[in-house]
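K.L.:
The primary structure of each chain is shown beneath.
Number of protein chains: 2
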Amino acid sequence: MSSAGQPEKTPTRSRRSDAVRNQQTLLAAAAEVFAASGIDAPIREIAARAGVGVGTVYRHFPTRADLAVAVYRHQVEACAEAGPALLAETGSPLAALRQWVDLFVDFLVTKHGLANTLQADSGFDALHSYFLDRLVPVCSQLLDAAVDAGEIRPGTHAFELMRGIGNLCIGRDSDPRYDPRRLIDLLLQGLRQPQSP
Amino acid sequence: MSSAGQPEKTPTRSRRSDAVRNQQTLLAAAAEVFAASGIDAPIREIAARAGVGVGTVYRHFPTRADLAVAVYRHQVEACAEAGPALLAETGSPLAALRQWVDLFVDFLVTKHGLANTLQADSGFDALHSYFLDRLVPVCSQLLDAAVDAGEIRPGTHAFELMRGIGNLCIGRDSDPRYDPRRLIDLLLQGLRQPQSP
DNA sequence: ATACGATACGGAACAGCGTTCCGTTTAGTC
DNA sequence: GACTAAACGGAACGCTGTTCCGTATCGTAT
Chain A
208 MSSAGQPEKT PTRSRRSDAV RNQQTLLAAA AEVFAASGID APIREIAARA GVGVGTVYRH
268 FPTRADLAVA VYRHQVEACA EAGPALLAET GSPLAALRQW VDLFVDFLVT KHGLANTLQA
328 DSGFDALHSY FLDRLVPVCS QLLDAAVDAG EIRPGTHAFE LMRGIGNLCI GRDSDPRYDP
388 RRLIDLLLQG LRQPQSP
Chain B
208 MSSAGQPEKT PTRSRRSDAV RNQQTLLAAA AEVFAASGID APIREIAARA GVGVGTVYRH
268 FPTRADLAVA VYRHQVEACA EAGPALLAET GSPLAALRQW VDLFVDFLVT KHGLANTLQA
328 DSGFDALHSY FLDRLVPVCS QLLDAAVDAG EIRPGTHAFE LMRGIGNLCI GRDSDPRYDP
388 RRLIDLLLQG LRQPQSP
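Taken in order, these protein sequences are the chains called A and B. Count along the first sequence starting at 1, add 207, and that's the number in this note's numbering. Count along the second sequence starting at 1, add 207, and that's the number in this note's numbering.
To be clear, the hints were calculated from the coordinates, so they are not data collected in a lab. Bear in mind that the values here come from a model prediction, so they are computed numbers and not experimental data. Hints should not be assumed to be uniformly reliable.
Just so you know, same-sequence chains aren't split out, so a pair can sit in one copy or run between any two.
Stated by the list, open to error - Computed list of lysine to any residue pairs in SDA-like fashion (alpha-carbon distance at most 25 Å, straight line):
id, residue 1, residue 2
1, Lys318, Glu296
2, Lys318, Glu367
3, Lys318, Ala255
4, Lys318, Asp355
5, Lys318, Phe366
6, Lys318, Asp328
7, Lys318, Asp332
8, Lys318, Ala238
9, Lys318, Thr270
10, Lys318, Ala352
11, Lys318, Ser221
12, Lys318, Val308
13, Lys318, Arg389
14, Lys318, Thr297
15, Lys318, Ala295
Required output: the full structure, derived from the provided sequences and hints.
P.N.:
Next comes the structure, spelled out in structure tokens:
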């Protein structure tokens with residue numbers, strides 16, 4: 208009969224130790240490979256560095272995006288948590304927004320190719336969604352606060368702003384004359400404009 | 208006979224007729240396929256539609272970018288020529304810049320995947336260069352005029368602005384909530400800001 | 001009109017990558 | 001120690017870009 212309970216764990220067997228070990232190894236390997244060769248590096252390369260077969264990679268992380276989410280989760284989390292913190296400790300919500308955007312840009316720009324994944328159709332659906340689900344609310348909060356403080360005009364959607372910032376970060380490495388930050392600054396300046404004709 | 212002249216043509220033989228015919232056919236086929244399946248469509252598909260072998264495609268257009276340049280040349284040219292025209296017929300240089308940017312965005316946004324090629328490392332070097340070589344001077348002229356008229360702040364590089372606009376246009380089709388034009392408007396608004404604190 | 005050689009053609013062949021699938025191995029449990 | 005579910009490895013498949021060369025075709029000199 209088995210109590211009807213057991214709602215969440217160990218139906219019959221516990222997780223195999225080699226499986227958890229491999230998952231960890233894979234995570235580390237993927238982090239290294241992503242850093243070295245970008246987020247588009249061949250799966251085989253990651254498998255090789257972790258010393259496993261490709262089948263194992265796919266079992267643990269069905270899509271490349273799942274792997275990327277796992278690799279970058281901590282940093283995304285940190286960025287998300289920084290939002291409210293900045294808002295609390297900074298006098299001007301707009302200044303807080305600026306600093307937060309800077310954090311976000313830092314994050315995107317230091318990982319080769321990460322910015323491209325902000326596009327919805329980049330084949331990184333899981334990563335895309337995770338980024339947006341986690342960060343859009345934070346951005347929204349900052350935007351609202353700045354609007355309430357009368358520092359920026361209303362009407363801008365956090366989702367759109369985040370995607371725009373992500374897009375602007377694409378291809379930063381390929382040309383030294385292109386600095387996304389300058390344009391993002393311009394964008395934020397544009398937000399300030401008090402609805403002029 | 209042959210005057211000593213003829214400085215540019217027919218060293219010994221003239222171009223073969225099948226070659227010119229195939230080049231035309233290829234151009235038409237590529238235009239159709241690009242429109243239908245995006246600029247990343249398989250070369251084989253283009254070859255098939257043109258009724259030639261892949262070797263022929265590569266002989267006429269060594270890289271995909273060369274093909275794209277040939278396909279879009281007219282439209283890029285039109286856009287480039289519209290710049291000075293708008294400047295001449297519009298009172299405000301900033302207004303002219305706005306209209307011109309609108310044209311550019313129209314162009315990018317109506318071709319599936321074209322915007323991505325504005326990135327320097329997208330593997331579309333020839334296209335990237337052509338776009339930039341042709342359009343950056345035009346944009347620069349508009350920017351300068353607007354600066355001279357005191358409508359925008361100085362210091363913005365046409366190259367950077369163009370790349371930024373191109374980047375913002377990426378992925379427009381994948382999400383109806385994302386409208387690049389709103390952000391580009393914001394960007395241009397930011398330009399207007401008279402150098403505030 | 002014909003022959004000849006340069007030019008262009010076609011598509012097989014190779015390489016790199018993502019992804020699937022299944023025979024084999026291994027860890028956990030009895 | 002035996003049994004079985006879980007996990008593994010990597011061969012295999014399909015799709016793509018790109019190269020290469022034997023063959024067909026066109027332009028021209030005769």
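K.L.:
Each hint: holds or not?
P.N.:
How the hints compare with the structure:
Proximity of Lys318 to Glu296 under the C-alpha cut-off of 25 Å is found in neither arrangement, the shortest distances being 28 Å within a copy and 45 Å between copies. For a Cα distance limit of 25 Å, the shortest separation of Lys318 from Glu367 qualifies both inside one copy, at 22 Å, and across copies, at 21 Å. In the homo-oligomer, the alpha carbons of Lys318 and Ala255 lie at most 25 Å apart inside one protomer (21 Å), although the nearest pairing across protomers, at 39 Å, exceeds that limit. When the C-alpha separation of Lys318 and Asp355 is checked against a cutoff of 25 Å, the pair qualifies neither within a copy, at 34 Å, nor between copies, at 39 Å.
In this homomeric assembly, Lys318 and Phe366 come within 25 Å of each other (Cα to Cα) both inside a single copy, at 21 Å, and across copies, at 24 Å. Taking the closest pair of Cα atoms, Lys318 and Asp328 come within 25 Å of each other both inside a single copy (19 Å) and across two copies (15 Å). When the C-alpha separation of Lys318 and Asp332 is checked against a cutoff of 25 Å, the pair qualifies both within a copy, at 18 Å, and between copies, at 22 Å. Taking identical chains as interchangeable, the C-alpha atoms of Lys318 and Ala238 lie at most 25 Å apart only when both belong to the same chain, with a minimum of 10 Å there against 35 Å between chains.
Only within a single protomer do Lys318 and Thr270 lie at most 25 Å apart by alpha-carbon distance; the minimum there is 19 Å, versus 28 Å between protomers. Proximity of Lys318 and Ala352 under a CA criterion of 25 Å is satisfied in neither setting, with 30 Å inside one chain copy and 38 Å between copies. Proximity of Lys318 to Ser221 under the C-alpha cut-off of 25 Å is found in neither arrangement, the shortest distances being 36 Å within a copy and 52 Å between copies. Taking CA atoms no more than 25 Å apart as the test, Lys318 paired with Val308 passes inside one copy only; the shortest distance there is 16 Å, against 30 Å between copies.
For the homomeric pair Lys318 and Arg389, the shortest alpha-carbon distance inside one copy (19 Å) is at most 25 Å, but the shortest distance between copies (27 Å) is not. Proximity of Lys318 and Thr297 under a CA criterion of 25 Å is satisfied in neither setting, with 28 Å inside one chain copy and 44 Å between copies. Taking identical chains as interchangeable, the C-alpha atoms of Lys318 and Ala295 are never at most 25 Å apart, the minima being 28 Å within one chain and 44 Å between chains.
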